[in-house]
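Here is what each chain is made of, one letter per residue.
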Amino acid sequence: MVAATNIEPTAQAPCARVAQLLNAFCFQMECRSDCLNILRGIIETTGALIDADKQASNRMLLALDELMANIWHHGYHDQQGSAEIEVEIRRYTNTETNAKTNDSIEVCFQLRDFATPITNAAFLRPAPPCQDAATIQPGHLGLFLIHTIMDSVQHQPLADGNRWLMHYSLPSKPNLRSGK
Amino acid sequence: MTPLNIQIDSHDKAQQRIVIQGEINIHTAPQLRDAFLPIFAINPASITVDLSDVPFMDSSGIATLVEGLQWSRTCGGKFILSGMTEAVRDLFGLAKLDTVFTIV
Chain A
1 MVAATNIEPT
11 AQAPCARVAQ
21 LLNAFCFQME
31 CRSDCLNILR
41 GIIETTGALI
51 DADKQASNRM
61 LLALDELMAN
71 IWHHGYHDQQ
81 GSAEIEVEIR
91 RYTNTETNAK
101 TNDSIEVCFQ
111 LRDFATPITN
121 AAFLRPAPPC
131 QDAATIQPGH
141 LGLFLIHTIM
151 DSVQHQPLAD
161 GNRWLMHYSL
171 PSKPNLRSGK
Chain B
1001 MTPLNIQIDS
1011 HDKAQQRIVI
1021 QGEINIHTAP
1031 QLRDAFLPIF
1041 AINPASITVD
1051 LSDVPFMDSS
1061 GIATLVEGLQ
1071 WSRTCGGKFI
1081 LSGMTEAVRD
1091 LFGLAKLDTV
1101 FTIV
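Going line by line, the protein sequences match chains A and B. Here the first sequence stands for residues 1 to 180, where the numbers follow our numbering. Here the second sequence stands for residues 1001 to 1104, where the numbers follow our numbering.
Calculated from the structure, these hints are not laboratory results. Mixed in with the good hints there might be a few duds.
[As the list claims (entries may be wrong)] The calculated SDA-like cross-link candidates involving lysine to any residue, where the alpha carbons are at most 20 Å apart (straight line), are:
1. B/1013 <-> B/1086
2. B/1013 <-> B/1071
3. B/1096 <-> B/1075
4. B/1096 <-> A/151
5. B/1078 <-> A/136
6. B/1013 <-> B/1055
7. B/1078 <-> A/132
8. B/1078 <-> B/1022
9. B/1096 <-> B/1063
10. B/1013 <-> B/1037
11. B/1096 <-> A/136
12. A/54 <-> B/1090
13. A/54 <-> A/44
14. B/1078 <-> B/1055
15. A/54 <-> B/1045
16. B/1096 <-> A/56
17. B/1096 <-> A/127
18. B/1078 <-> B/1050
19. A/54 <-> B/1086
20. B/1096 <-> A/135
21. A/54 <-> B/1055
22. A/54 <-> A/89
23. B/1096 <-> A/131
24. A/54 <-> B/1094
25. B/1096 <-> A/130
26. B/1096 <-> A/44
[Unchecked claim] Label-pair distances were calculated between CB atoms; the ranges are:
27. B/1031 <-> A/30: 34 to 40 Å
28. A/165 <-> B/1014: 48 to 54 Å
29. B/1014 <-> A/29: 45 to 51 Å
30. B/1099 <-> A/79: 36 to 42 Å
[As the list claims (entries may be wrong)] Covered, in the sense of this in silico footprint (three residues per stretch, anywhere, with C-beta under 8 Å from a C-beta of chain A), are these stretches of chain B:
31. 1009 to 1020
32. 1025 to 1036
33. 1069 to 1078
34. 1083 to 1092
35. 1095 to 1103
Cβ atoms here follow ideal geometry from the backbone N, Cα and C, with glycine treated the same way.
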């Protein structure tokens, strides 16, 4: 974890918002089918830092679980692989109004795998499930859930794997500690 | 992760009840699928899946339940999900499948 650091306004919001890095931490882990407890530990740590409620925590866990399951299944073909997870927590303050009620917290999850780089964009396109019980195809549901939960999802193929960037926003709460 | 605990109440062959305890994800969903297979063979009029002790489920669990739903529909039977925890109910809402299943 790092100390709180003021950083420049982001490119997405050059004037309106200032971001403050509250916490950052990273994990190296094995990507396996049974790593839910490790992901839960990451989310419990994150949730405690931002005072997330149960629904928000469960949704973040669900998105991480779905992404890790996809990497394990499609990337590593049901074999054990490596993964790195970085979590950054930022507070955004509206600099025009300086109104605390406009503060928001953003959690950025960066996942790195070392599987075959994905270059087929169609594979990454989420589609809502069919509403007809007779013809529902659950495939791609995990990707749909990730996109539904997260505010943004980005994928970057690398020379030796893939990088996944997911952002989750929620309203800031008072007395949020930084730099612990 | 702890394995799923699955209990099947076959007292009435026409009304099968499956009680699940534990988390359903890509690691444990195959256990649930394996539990469904002998029930499908009985061809009951209804299958009720009790999810009141399932604190977490992901799309692998949904996929298995979709399989059960589709099998039941094909055979003219009912497939009912009962006792959903908050997290599981939220999942079905996120997946937009809360109106596809019979949920009590």
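* Which hints, by number, does the structure contradict? -> Checked against the structure, the hints that fail are numbers 1, 3, 6, 8, 14, 15, 26, 27, 31, while the rest are satisfied.
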